[in-house]
Amino acid sequence: MQIDLRTVSIEPLRQTFDHIAARIGNDKAASRYLEATMDVQPNVNFHYRPTWDPAHEIFDASRTAITMKDWYALKDPRQFYYGTYTASRARMQETAEADFEFVESRGLDASYDDAARRIALDFYVPLRHVAWGANMNGASMCAYGYGTAITQPCLYQGMDQLGIAQYLTRLGLTLGDQAEVQFAKKAWLEQPQWQELRRLVEDTWVVKDWFELYVAQNVVIDSLVSGLAYTEVDQALNERAGSTVSLLTRFQTEWFADSSKWVDACMKVAAAENPSNKALLQQWLGHWRGRALAALQPVAKQALGADADDALARVSARLDARLAKAGLLSSN
Amino acid sequence: MSNVFIAFQTNEETRSIVEAILADNPNATVNQQPAMVKIDAPDQLVVRRSTVEEHMGRPFDLQELHINLITLTGHIDETDDEFTLSWAH
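If you read the sequences in order, they're chains B and U. Residues 4 to 335 (my numbering) are what the first sequence spells out, left to right. Residues 188 to 276 (my numbering) are what the second sequence spells out, left to right.
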């Protein structure tokens, strides 16, 4: 008896869900990102309006002044859904953990220059409160935002900030001890150089328009704080005392490069949607950027001394370059 | 004029690679088989790292092609940014 093996090609009747096919066409297989993201949030048939905000439906696009024909145009170029997001962060965390272990196993923390150690502790550890504020803001954007395409990465961004706050705490515990972390909290609450920044962070908590919050937090504060902390101060400390602090802040550096891709992509799409969006975004950028630069000035001075203004100018120029790419700089 | 081709296992990774190849090679034709996807192109086929990264949404090393590669024909010209199949010497 002879058996012939042969492959039978079976065409699937449908490649993806109907609501995805309506967006990308019937003949194409959809990515998991699209299937886990597009039109996931309910749009119609809500029952009662929330008692805490009877002027809006529970999911309501009018919670922001930004308008979009299709909120799902604000896609994440990193294509993060729960699975890819956690896998990506697990990889980054593994590297960061290895770096902490490297510092501890070689005794780099004990042999670190004491003057540089003081600067690092005084500058980085209070920033964990900024990161925690950003965590609150990420959750807020996710809660009041519209459309899974943008609310999903907003929550991821908030979770990342919680991770950053924890890494900054560990930096404090590695280079110092628990008293240093307590001291940093006291500095955040009481020392005059931190108060403008603290006021800025606390003011963002009560911003009602979630897209304005997106601009204030994800575009302005994140890029200026990260640019100052993980490029400028980091470099200054490198030159002075070697790269120990760079190892301890590696997660933040990688995270900032990664999240900027998403932040810029959404700004670009929202600004290109219509002129009134663009005008609003520019107005918000102007307002928050002015405040953030002023708030960071005394802190930069504390860490960098005379080079503070030049450093902030460089950080600011890098933000300009990103905004120019997103088409938002023409009328500034 | 002869064809070159490249064939991958069908999975979530190669979906973006195939999309990138089709975007960069307008003359390429795609041939879906059970668990395999084969792309034919006249003369030349280019896999560009930048396009794959765009479709995949993450950094991509062209060497990662080999994880899902089944077979290919043509002479290979490989750099960090491009993986080219052709019959040119």
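To be clear, the hints were calculated from the coordinates, so they are not data collected in a lab. Watch out, some of these pointers could steer you wrong.
Unchecked claim - Keeping only pairs whose Cα atoms sit at most 20 Å apart, straight-line, the calculated EDC-like set for lysine to aspartate or glutamate is:
{"id": "1", "chain 1": "B", "residue 1": "K271", "chain 2": "U", "residue 2": "D248"}
{"id": "2", "chain 1": "B", "residue 1": "K31", "chain 2": "U", "residue 2": "E241"}
{"id": "3", "chain 1": "B", "residue 1": "K31", "chain 2": "U", "residue 2": "D227"}
{"id": "4", "chain 1": "B", "residue 1": "K328", "chain 2": "U", "residue 2": "E200"}
{"id": "5", "chain 1": "B", "residue 1": "K78", "chain 2": "U", "residue 2": "D248"}
{"id": "6", "chain 1": "B", "residue 1": "K188", "chain 2": "B", "residue 2": "D212"}
{"id": "7", "chain 1": "B", "residue 1": "K72", "chain 2": "B", "residue 2": "D56"}
{"id": "8", "chain 1": "B", "residue 1": "K271", "chain 2": "U", "residue 2": "D227"}
{"id": "9", "chain 1": "B", "residue 1": "K328", "chain 2": "B", "residue 2": "D261"}
{"id": "10", "chain 1": "B", "residue 1": "K328", "chain 2": "U", "residue 2": "E240"}
{"id": "11", "chain 1": "B", "residue 1": "K189", "chain 2": "B", "residue 2": "D125"}
{"id": "12", "chain 1": "B", "residue 1": "K211", "chain 2": "U", "residue 2": "E200"}
{"id": "13", "chain 1": "B", "residue 1": "K281", "chain 2": "U", "residue 2": "D211"}
{"id": "14", "chain 1": "B", "residue 1": "K78", "chain 2": "U", "residue 2": "D227"}
{"id": "15", "chain 1": "B", "residue 1": "K264", "chain 2": "U", "residue 2": "E240"}
{"id": "16", "chain 1": "B", "residue 1": "K281", "chain 2": "B", "residue 2": "D267"}
{"id": "17", "chain 1": "U", "residue 1": "K225", "chain 2": "B", "residue 2": "D63"}
{"id": "18", "chain 1": "B", "residue 1": "K264", "chain 2": "U", "residue 2": "D227"}
{"id": "19", "chain 1": "B", "residue 1": "K271", "chain 2": "U", "residue 2": "D211"}
{"id": "20", "chain 1": "B", "residue 1": "K31", "chain 2": "U", "residue 2": "D248"}
{"id": "21", "chain 1": "U", "residue 1": "K225", "chain 2": "B", "residue 2": "D267"}
{"id": "22", "chain 1": "B", "residue 1": "K271", "chain 2": "U", "residue 2": "E206"}
{"id": "23", "chain 1": "B", "residue 1": "K78", "chain 2": "U", "residue 2": "E199"}
Said to hold, decoys possible - With the Cβ distance kept under 8 Å, some of the chain U side facing chain B (calculated, not the full set):
{"id": "24", "residue": "Q220"}
{"id": "25", "residue": "P221"}
{"id": "26", "residue": "K225"}
{"id": "27", "residue": "P229"}
{"id": "28", "residue": "R245"}
{"id": "29", "residue": "D248"}
What you are looking at is a predicted structure, and each value in this text was computed from that prediction instead of being measured. Note that the Cβ used here is the ideal one computed from N, Cα and C, for glycine as well.
Taking 20 Å as the top limit, are the C-alpha atoms of B/K271 and U/D227 close enough? 36 Å, violated
Have a go at the U/D248 hint: is there a Cβ in chain B nearer than 8 Å to its own Cβ? With a closest approach of 14 Å, the U/D248 hint is violated.
Given the hinted pair B/K328 and B/D261, is their Cα-Cα distance within 20 Å? Distance ~16 Å between B/K328 and B/D261 Cα, so the pair holds.
Would you check whether U/Q220 satisfies its interface hint, that is, whether its CB is within less than 8 Å of any CB in chain B? 7 Å, holds
Would the pair B/K78 and U/D248 pass a check requiring their Cα atoms to be no farther apart than 20 Å? Given pair B/K78, U/D248 is violated - Cα atoms ~24 Å apart, limit 20 Å.
Next pair to validate is B/K328 with U/E240; report whether the Cα-Cα distance is within 20 Å. 19 Å, holds
U/P221 as chain B interface residue, shortest Cβ-Cβ below 8 Å: It holds, given that the least Cβ distance between U/P221 and chain B is near 5 Å, below 8 Å.
Restraint status (C-alpha distance of B/K189 to B/D125 at most 20 Å): This hinted pair holds, its Cα atoms lying about 11 Å apart.
Quickly compare the C-alpha distance for B/K281 and B/D267 to 20 Å and report which way the hint goes. Holds: B/K281 and B/D267 sit about 14 Å apart, inside 20 Å.
Given the hint that B/K264 pairs with U/E240, does the C-alpha gap stay at or below 20 Å? 12 Å, holds
CA of B/K264 to CA of U/D227, is that 20 Å or under? Violated, at roughly 33 Å.
For the pair supplied as a hint, B/K271 and U/E206, is the alpha-carbon distance within the 20 Å limit? 23 Å, violated
Comparing the model with each earlier hint shows violations of hints 1, 4, 5, 6, 7, 8, 12, 13, 14, 17, 18, 19, 20, 21, 22, 26, 27, 29; every other hint is respected.
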